[in-house]
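Make a model of the complete structure from these sequences and hints.
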Amino acid sequence: MSWKPEVDEISERKRLAREMGGEESVARQHSYGKFTIRERIEAVLDAGSFKEHGPQAGFGERDDEGKLTGFVPGNYVLGVGTIAGRRCVVGGEDFTLRGGSPSPAGLRKSVWSEELAVRYRLPLLRFLEGGGGSVAGSSGGSGKPAAPRPAGDPVYSPQRFAVIANALQEVPVVSGAMGAVAGFPAARLVASHLSLMTRTTSQVLIGGPALVERALGEKKTKAELGGPDVHLRNGVVDNLAEDEEDLFEQMKRFLDYLPSSARELPPERQPAGGDRRDRREDELLDIVPRDRRRLYDMRRVLELVLDRGSFFEKGALYGRSQIVGLARLDGLPIGVWANDPRHNGGAMGADGAQKVRRFLEFCETFHLPVVCFVDEPGFMIGSASEQAGTIRYGMEAIAANVRTTVPWASVQVRKSYGVAAAAHYGPNAHVLAWPSAESGALPLEGGVAVAFRREIAAAPDPEKRRRELEQELSKGRTPFPRAEWFSVHDLIDPRDTRPELCAWLDLCRPLLRTRV
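If you count the sequence shown from 1, position 357 lands on 357 in our numbering, and the numbers rise without skipping.
Derived by calculation from the structure, the hints in this document are not laboratory data.
Treat the hints loosely; a few may be bogus.
To be verified - No more than 25 Å apart at the CA atoms, straight line, and that leaves these computed lysine-lysine pairs for BS3-like:
#1 K252 / K4
#2 K4 / K14
#3 K34 / K51
#4 K51 / K252
#5 K4 / K51
#6 K67 / K4
#7 K14 / K67
#8 K220 / K51
#9 K34 / K4
#10 K252 / K219
#11 K252 / K67
Below you can see the structure in the form of structure tokens.
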């Protein structure tokens, strides 16, 4: 007897799974200006490369004669495909079924996506949309029933979050909030090396408006609780995408700097447009003003030194005095850290310190040399800074620094003061200084105010005396003594920064090859 009836049922189950929550649910998803999960997967992957895992996971309905009458798929779609020819694991909630709240099969598939990425050492991309558990039971979407769910996991089950934590140490993990994301999916979102949300359709929530109002009596919309204005500034989400297409492009660009796993090295590329390693930009010669009270654009410094168009910034609105991101230098992927003097003079606050710590740990995991552009006046001072616990988080950043084993280069652009400065020079860092560099225990202004407090107070014109002292002492603030005493590797013409860093990377490449 032929097995054709069973084979036909396999085909029918797969056809029904591709219908997701049904025509009406899919149309509703589109009416919100959002793609379905299957459309997202197709958009981010190379055409025709997706191989789905578990397409028949779900719940089949049968009549009294045992004939299949319907099929409710597990509401998490996942599989393996390629991006620019490189294999990745891609998955996400199907919001057209149960609003993304996990069904039994959907939950198992979501856990398998992380297991799959770790087992085969492949980058993991998640498209998250929906809530966590529901008290409504396990009914399928669109009024369809689903299989009953056991009460709790077996006592021998592994810890659910273990594989999520393991993935962060093994493979690049990138997640996008594609709509309202709450509960377990929100936890997955932040357990990523890059988290993204869209400008108009995404919210990230521990609990939604109904739960918040019931528990706290606080009436807020989803956007007020967890929209981009909230989470881009508190560090929960790294970057904003204008729409879903922009989110897909940011995901792909981010992954292009990274190896497939922590067991490999980042991929080198030829610099775009034939960018020369010996390029010298005259603009660098006067980009830092002589007047210490005047600001300059640190991101412009990065543009002039790094491979053209290669800088990919992370978390621009969080910890704004610290700039972090990925770039290429002579085609080699690197981690970039710089101070932004336009925000608190570049001083490191509690948020900036946490941002830096996380970034340094990320660079260490994926073998990215760190290049730091230093203009650090010290830890942020004042009552708000003290209340935020800045010194604790600042020391965590320093601890992350001293634990790194990747190559480091630090370029002293301007200020390098106080305990916070220590975070900017990794173990055995290659240190270059510009003529504008200055360093010490305290910035000149603060140091004068402390050391000459009584003299200034006793002067007939305290403000005039303060300025005189600052002017006198500023004459001794020159980087030449540090170069003479070999306290920096070299004092350089700022225009030589790119060639000097490229020459340093020539020394680093053999060291990087020994890491894997």
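Broken hints, numbered, in rising order?
1, 8, 9, 10 and 11
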